[in-house]
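There are 2 protein chains.
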Amino acid sequence: MKASLDCIPCFARQALDAARFVTDDSAIHEQVLRKMLHSASTMNMQQSPPAFAQQIHRQLRLLTSVSDPYRAVKDRFNAMAMAMLPGLIQQVEQADDPLEMALRLAIAGNVIDLGAHPGMTETDARQAIASAMNEPFCGDIDAFRDTVAKSKDILYLADNAGEIVFDRLLIEHLPSERITLAVRGGPVLNDATMTDARTVGLCDIVEVIDNGSDAPGTILTDCSDDFRARFAAADLVIAKGQGSFETLSDEDRALYFLFKVKCPLIGNCVGIPTGTHVAMRGHDLRSQARSTP
Amino acid sequence: MKASLDCIPCFARQALDAARFVTDDSAIHEQVLRKMLHSASTMNMQQSPPAFAQQIHRQLRLLTSVSDPYRAVKDRFNAMAMAMLPGLIQQVEQADDPLEMALRLAIAGNVIDLGAHPGMTETDARQAIASAMNEPFCGDIDAFRDTVAKSKDILYLADNAGEIVFDRLLIEHLPSERITLAVRGGPVLNDATMTDARTVGLCDIVEVIDNGSDAPGTILTDCSDDFRARFAAADLVIAKGQGSFETLSDEDRALYFLFKVKCPLIGNCVGIPTGTHVAMRGHDLRSQARSTP
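Heads up: the sequence lines are chains A and B, in that order. Each step along the first sequence adds one to the number in my numbering, with nothing skipped, and position 81 is 81. All you need for my numbering is the position in the second sequence, starting with 1, plus 1000.
Pairs of lysine-lysine residues, derived as DSSO-like cross-links and limited to a Cα-Cα distance of at most 27 angstroms, are as follows:
1) A:K35 with B:K1035
2) A:K2 with B:K1035
3) B:K1002 with B:K1262
4) B:K1002 with A:K35
Worth flagging that the hints you see were computed from the coordinates, not collected in a lab.
Construct the complete structure from the given sequences, taking the supplied hints into account.
As structure tokens, this is what we get:
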């Protein structure tokens, strides 16, 4: 989906939040914000919002000379989620429908997003995950189950650190031998990279590749040739996170989006209220968007 | 007070809201926003927030070729407030302390601010005014009464159209023969100009001057020589609205600010929660700001 003019005040807010998250140096806060404003004043509005966030975070890394500014917080959220894992495994095993429970928890894990929630604490994340089954949900678990059962080559696009522990939980209830997990090709925000996949043990369960890009989403033209080949070859893509939806919503192929709606513009676009946990086919989300006034 | 980096996402939001308010032409929305972003990328952060809003609204008038884009809404709010006036007069006359009631209503009228509340309707304004006496209040009515009683040359700086009907109500409970009312020198947002003062009958009650500026506040260096001379000569200035506070907060002279706190940054700066109705001396607000952590 293309960025909207309404994204721009939000980009300015995110640039400032990110700069403050990464450094206490107010001169750098100002530089990051001014660079962002200058870029936005000439930005191509045909781009998706994550293409813009990618630019902001590149500037931030350049100006602070810190190659992975969110490393410490990614480690913290990985550790938090790993500590929760035994309890979550039990919760899934005891559920009437373990796959449904694992899927709902994987979507709940999408709350660990320091772009949308810059001040998020581990307590916030724990609370959000504890109430996962009470959140509004939009999707068809049985259709997801059937699609997965029929697919031989599944590409699972991870989103954030911490969250990928919940992805691990879901992947363990899917035919993991048919799954390849893709992480970001370089650090951006608290998005998961190979380091995170390794830390939470995903590399021992499935093949993990990186997409060659440092965008907080999946901008195919910015991804590596290898990744694009895997994307084209897969007969099902499971795409985690709002950034995945923003960058892949127009892809006409077998694609399930799993995310929590955090942005009211996206909510309005697909006719689903903010806060909803979504597990929907791209095709169905597009139909819903077309029928939304 | 100087603008903060936090003002910038808000300016972007305001530029977009204002453009959409004034025209349905999405190409103009984009142009206004891009111009604003470009200006903000090099803006002088020593300026007050209204200096920046002044630039946004000049651009908007230039790009739309509409010299007073808010004229219709100003007329509507003037008419609404004039229709409320007989009831308000009765309310003031029946109050235990008519001056207090008139002062509180004048501050309540400050809710009619299409910069802070772009979607404000007449119903919203009526509701806000009906609950004027229940809002949190910060000020000393008796000190205000005493200061006014001792002052011989009072300059009353008006803020918005509609709101100035409530100013009229207050002025009628002050020694009006010693009051000069100042309005903006040119259209900006829904701020009151000479047209509005005339429409609501203020020109029949007090001398009305304009300040020579199209800023949504009182930037003295941008005002006319005549206005600056009147400002310097007055032994009391009563300054309505948050824009007045933003532009005159550092003036070390007899000055009462009457406004509703609408911006959390200003609230934090002076240690007064958003939503509070304020009637305070500049000197006391500065002391409070200094003692706020």
